[in-house]
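> Following the hints, position chain B against chain A.
Protein chains in written order, with this note's numbering: chain A, 1 to 325; chain B, 1 to 149.
Misleading hints may appear alongside valid ones.
[To be verified] Stretch-level coverage of chain B by chain A, calculated; a stretch enters the list once three of its residues show a Cβ under 8 Å from a Cβ in chain A:
(1) 48-59
(2) 64-78
(3) 122-135
[As the list claims (entries may be wrong)] Cβ pair distances, simulated, as ranges:
(4) T96(B) - I198(A): 36 to 44 Å
(5) P47(B) - P257(A): 35 to 43 Å
(6) H44(A) - V114(B): 26 to 34 Å
(7) A64(B) - D222(A): 53 to 61 Å
(8) P50(B) - A73(A): 46 to 54 Å
In case anyone wonders, no lab produced these hints; they're calculated from the structure.
No experiment lies behind these values; they were computed from the predicted model shown.
Backbone N, C-alpha and C define an ideal beta-carbon position, used for all residues, glycine too.
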Amino acid sequence: MNAQRWIERWNAFWFPPASPLNLAGARVVAAATQLFWFMPSLAHQVNLASKNSEFIDPQPIIRVIAAVIPREALFNPTGVTVIWWGTAAAAVLALVGLFTRTSLFLLALGYWILIGHAYSYADVHHPQALWAIFLMLLPFSPAGERLSIDALLRRRRGAGAGGSEPAAGRSELVMWPLKLTHVLLAATYFSTGITKLISGGLAWMNGYTLQNHLLSDAIARDIPIGVWLAQQYELCVLLSVGTILFEVFYFVSLFVPRTAPLFFLGGILFHVGLYVTAGHPFFPHIMLNAILLLFLDPAWFPNRIRRLEEALGRRPAGAEAPQPS
Amino acid sequence: MTKSKIWVSALIIVTLGLHAVPVLSYQGVGQTRWPFLAWAMYAKSYPPGPVKTTKRRLVATTAAGADAEVTPEMVGLSKSTFRNLYINPLYQGDSTTARELLARINRAREAPFVAIRTEGEIFRLADTGLVTERFPVLSFSSGSPAPSR
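For reference, chain A alone in the conformation it holds in the complex (with noise of 0.2 Å):
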């Protein structure tokens, strides 16, 4: 296969045209879901600026942050606490789409910030890893076209200035974000399941590793449902197979589209039975495969935006389909 052929199939899979309704709403989630969900807890952050003179294990950002400004200077109460509302702000203006370039820029790096400092303390989780990429993703994508100030603001001004309102086109630009994070989520999936192949080879599904897990998780956060699972060996046997079918086979959903809103549901629903059996607090990958089960599709949420607007009498009946990619 040639180098042209490659490069089609590159922007084939990465750049397929697309209308931006699908990456606005994905953006509209993200911030919202931020600003109202995951903003790290303030409290937590000014208790461990104030507690702690050194980082034990600084992260990549913090480090680069304290090569220019000295930790005392920054990391502390006051510091955490402006950097905290700073990012709460960006979150607004990114929901709403006002400068909303740099408005998602300022919000994932004051996230970034807020979490790898949590995490130099010596102690690093996986959750937030996958939605601080992806938002970080956002300020490089048209995320602001649709749904947002900004657009509303264009459109005004071309009105004023004589021109007729822009149609609401397709861009090439509008899916990597969110083909990117499906990925990400694949590979991060398949990375977890293989693991525990290779460490474990099948025994990782005998039961009793899951049993074992459970039980630890279950009693160090005092879930009396994950204490009973636990103690059912066939559902852990069956529990187990079924985790590793999901973790190894995500990746499924990429080649097999059509499969893919069920990986997505399966995610969902695997996250939730995970943090109600044994705490564990994978909400940014609930809202990531949410984000992925409504958006990634390039016509199922424009023709809902496309529906209502007919309901609501804004726009005849067929006009401005969406076009299939």
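Same frame as chain A, now just chain B:
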């Protein structure tokens, strides 16, 4: 390929490439490359046999006899770091670490703690249900060089 697509393609390749770093140079539990992490979680498998776990904690006492659980928040650490730095050593009878912990939690306290002890349980699954046993208690006082049972 437009200039925008070339820049985005570079970003995609860099993002994917950075995920290879923690896999190729694995750091174990103490990863320092967040948010680019190795995703080896809960990989350990257990052979058929007893299913058990433990719950361990530290309790501090003031001179007036008031007890309080020493929490990770009290010392400004996360749970796992607190466990590694303090719970594990105290369960092994490390009185030096116990004194250091007492000094740390007594900063800015009006009624300082004068003693600290381990408490905990072992939970075991049995045919009859969940069986609980208590760990032996180890006590450390601020003035004593060795723990007492």
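> Determine for every hint whether it applies to the structure shown.
Against the structure, the hints come out as follows:
no. : hint                         : verdict
1   : 48-59                        : holds (count 6)
2   : 64-78                        : holds (count 5)
3   : 122-135                      : holds (count 4)
4   : T96(B) - I198(A): 36 to 44 Å : holds (40 Å)
5   : P47(B) - P257(A): 35 to 43 Å : holds (41 Å)
6   : H44(A) - V114(B): 26 to 34 Å : holds (29 Å)
7   : A64(B) - D222(A): 53 to 61 Å : violated (29 Å)
8   : P50(B) - A73(A): 46 to 54 Å  : holds (52 Å)
Hint compliance for this structure: hint 7 alone is broken.
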